[in-house]
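Undergrad: Okay, here's what each chain looks like letter by letter:
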Amino acid sequence: MFKTLRQIGHIGIVTEPPPPCDEMLRVADQLQSRILEVLGRALCIRAIDAGSCNGCELEIHALNNPLYNIEGLGIRFVASPRHADLLLITGPVAKNMELALRRTYDATPDPKLVVAIGDCGCAGGIFGENYASCGRVSNVIPVDVAVPGCPPNPRQILSGILTAISRAGAATPGSRSAV
Amino acid sequence: MALQGWFDRAGRQTESNMGAAIRGMPGARGLTVARDEWRQAAEDMAAGGGRLLAHWASRDADGRNIVRAAFIADAGVLVLSLPLTAAEAGYPGIEQWFPAANRMQRAVADLSGLRTTDADGRPWLRHAAWPASFHPLIDVSAPSSPAMPAMDNYAFVPVGGDGVHEIPVGPVHAGIIEPGHFRFSVVGEKVLRLEERLGYVHKGIERRFTEFPLLGGHRLAARVSGDSAVAFSWAYCQAVEGIAGEHVPPRAAWLRALALELERLANHLGDIGAIGNDAGFAFGLAQFSRIKEQLLRATEQALGQRYLMDFVVPGGTRVDLSSSGARLLAESIGSIMPEVDTLRTIYDEHAGLRDRFAGAGVVTQALAARLGLTGLAGRASGQGFDLRCDLPCAPYVDLAPRKVMRTEGDVAARVAVRFDEVAESARLVRRILEGLPFGLHLVDLSIPGEGGLGAGLIEGWRGPVFLALEAGAGGMIRRCHPHDPSWQNWPVIEHAVIDNIVPDFPLINKSFNLSYSGHDL
Chain A
1 MFKTLRQIGH
11 IGIVTEPPPP
21 CDEMLRVADQ
31 LQSRILEVLG
41 RALCIRAIDA
51 GSCNGCELEI
61 HALNNPLYNI
71 EGLGIRFVAS
81 PRHADLLLIT
91 GPVAKNMELA
101 LRRTYDATPD
111 PKLVVAIGDC
121 GCAGGIFGEN
131 YASCGRVSNV
141 IPVDVAVPGC
151 PPNPRQILSG
161 ILTAISRAGA
171 ATPGSRSAV
Chain B
1001 MALQGWFDRA
1011 GRQTESNMGA
1021 AIRGMPGARG
1031 LTVARDEWRQ
1041 AAEDMAAGGG
1051 RLLAHWASRD
1061 ADGRNIVRAA
1071 FIADAGVLVL
1081 SLPLTAAEAG
1091 YPGIEQWFPA
1101 ANRMQRAVAD
1111 LSGLRTTDAD
1121 GRPWLRHAAW
1131 PASFHPLIDV
1141 SAPSSPAMPA
1151 MDNYAFVPVG
1161 GDGVHEIPVG
1171 PVHAGIIEPG
1181 HFRFSVVGEK
1191 VLRLEERLGY
1201 VHKGIERRFT
1211 EFPLLGGHRL
1221 AARVSGDSAV
1231 AFSWAYCQAV
1241 EGIAGEHVPP
1251 RAAWLRALAL
1261 ELERLANHLG
1271 DIGAIGNDAG
1281 FAFGLAQFSR
1291 IKEQLLRATE
1301 QALGQRYLMD
1311 FVVPGGTRVD
1321 LSSSGARLLA
1331 ESIGSIMPEV
1341 DTLRTIYDEH
1351 AGLRDRFAGA
1361 GVVTQALAAR
1371 LGLTGLAGRA
1381 SGQGFDLRCD
1391 LPCAPYVDLA
1401 PRKVMRTEGD
1411 VAARVAVRFD
1421 EVAESARLVR
1431 RILEGLPFGL
1441 HLVDLSIPGE
1451 GGLGAGLIEG
1461 WRGPVFLALE
1471 AGAGGMIRRC
1481 HPHDPSWQNW
1491 PVIEHAVIDN
1501 IVPDFPLINK
1511 SFNLSYSGHD
1521 L
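Chains A and B, in that order, are what the protein sequence lines are. Residue numbering for the first sequence follows the working numbering, beginning at 1 and increasing consecutively. Residue numbering for the second sequence follows the working numbering, beginning at 1001 and increasing consecutively.
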């Protein structure tokens, strides 16, 4: 126990400032004023791998590490779509996952946001559309923000999430109040 | 005929150019067998300690079906090919000797329409998105798929008895992980039986390969399983360079090994933290994910990418390593490793972790050998195989990696193997950075001619990554079969969880950390 505490004290707080929003990532402006009123700045995310190579998952995982510290921003990943405000979706949508994705979307209460992650989620990526792949996420469910990259790095993903929950035209999200 | 006999015959056949020579990876031989020899060969392989590497189907230039199986033994790698006549839509199954062949054979039936004589005829990768009459690797035009695929009624094996109930989990899981379905049959908290249903992230990779030029397929290979990008793209390049008859310069081989060890380090560090977290030790996740991030940032500064997706290219590596990049990586390893040692002591001394890790998800040595458990998980169950030591390609001959092995086969053993391999990979990275030969990091590769059969075999962080490649006309890929070790190891998890409690499943599953994408293709 002593060693654990010493290690915690030794490392200290390593969290970095969050990236700015990027309006270029916004694909649809559905004016989510209602969701923002409801949420304030607390947000629950349900991550869904709809067919990715798992590269994007590695970078989404990194959001939880102490340097990006997404929970410090009031954002956390939840286990059920019924608890979620935002769906974070990776991969070209595999046809074998299409039904599960639609059901997960339907199970998420309105109003909800959808952020597509990675070149595959944005445009089908290297896999494209074929007998087993529906291609981009927006071919299956509506998408608010799309973050390209293969894989996008954690700052880009975080920027996409913050863009989704900021009002269109707003600049940088507020300071890290929870830290 | 014993195992060695098949290898000898393959050697003679290759010499007389009767069988297709397997080019690329070291120590591979090809052998074309007759229908009545297919099962005999498999039986002899099993009896002689051979292990099934991969099984897939292909077609020659004349449209004749060929089923192939790759076996690995002390003598090397043997790729058996069984050509089928037009009248034969089936071939003899080998599940009896290699249980892992079950799902591979069912995948062959789904994708190529060739069935085996084995009993389990359920579809595997095909759910309800396309009809059973459509075989993606054979039929040219895809049928128009239904507007929305229906639920498929997969025939899970039912478990009866007093108080038995089922818990279905997935495909969408509670966490940031890939999709798959697990069907638990439990009594109280205890798992009587687990049946896996995979294939959810099947996205047509093998068919997609045929739309790529031979010199461009490494990009798709790197995305078969993103966490093993280096292993797959290296295996691909080994195969394509073999078909082209070229060797990469020594510096390129060393840089590839550097990338492979960095990939191993990043995954192992992440896993050790995540396994700790699954046992309720959030501190472990915080610490190891921070250390992993440090390593990824150093990798990005030195080689231009956090994850080395397109680093290995045909002919060498995409970028060279500068002396300042090498210094930076060395410093990063130098600062990371003392921290890992400190954390290992904390893990080892933590009573709560020891309690959760020891005796959870045991795979005994005998079971591991019978089921063909491979790679990292295999080495935690006494299956002491590591291609970097057993069948080394350049530069591992010079690097002489130390093999890591445990025999307990529980979560604790799989964590210990990771810790030991982190230390060993760190040593290898240092050794590579010190001894990196000068010279070119990339050479031009001529476009390989039609008809060549190449293979690549690389010890990725999870286990042996195998890839078979056939060159088509016009510099295009005719057939590419990438094979992740998860094919072998997924069925073993079904056994590892028996008699464990349901809440321990995430921990046991994470201790294997298998790929869905690499398996579903």
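Fair warning: there could be bad hints in the mix.
To be verified - Residues on chain A that point at chain B, a partial pick, calculated with CB under 7 Å:
1) T15
2) N54
3) E57
4) K95
5) P109
6) S133
7) G135
Unchecked claim - Which stretches of chain B does chain A cover? Using the computed rule of at least three CB atoms under 8 Å from a CB of chain A, they are:
8) 1050 to 1057
9) 1337 to 1346
Unchecked claim - Quick list of simulated restraints, FRET-style, between CB atoms:
10) B:K1190 / A:A79: 19 to 25 Å
11) A:R76 / B:R1115: 43 to 49 Å
12) A:A42 / B:E1246: 56 to 62 Å
The hints are simulated quantities; they were obtained by calculation from the structure and are not laboratory data. We put the beta carbon where it would ideally sit given N, CA and C, even for glycine.
Undergrad: Each hint: holds or not?
TA: How the hints compare with the structure:
1. T15: violated (10 Å)
2. N54: For N54 of chain A, the interface hint holds, since the closest Cβ of chain B sits about 5 Å away, which is under 7 Å.
3. E57: holds (6 Å)
4. K95: Holds, about 3 Å.
5. P109: Result: violated, 16 Å to nearest chain B Cβ.
6. S133: Status holds, d = 4 Å.
7. G135: Constraint on G135 of chain A not satisfied, violated at 10 Å.
8. 1050 to 1057: n = 0 at 8 Å, threshold three: violated.
9. 1337 to 1346: Held - the region 1337 to 1346 of chain B has 4 residues with a Cβ nearer than 8 Å to chain A, which meets the minimum of three.
10. B:K1190 / A:A79: 19 to 25 Å: holds (23 Å)
11. A:R76 / B:R1115: 43 to 49 Å: For R76 of chain A and R1115 of chain B the Cβ distance comes to about 48 Å; the hint holds.
12. A:A42 / B:E1246: 56 to 62 Å: holds (57 Å)
When held up to the earlier numbered hints, the structure conflicts with 1, 5, 7, 8 and fits the remainder.
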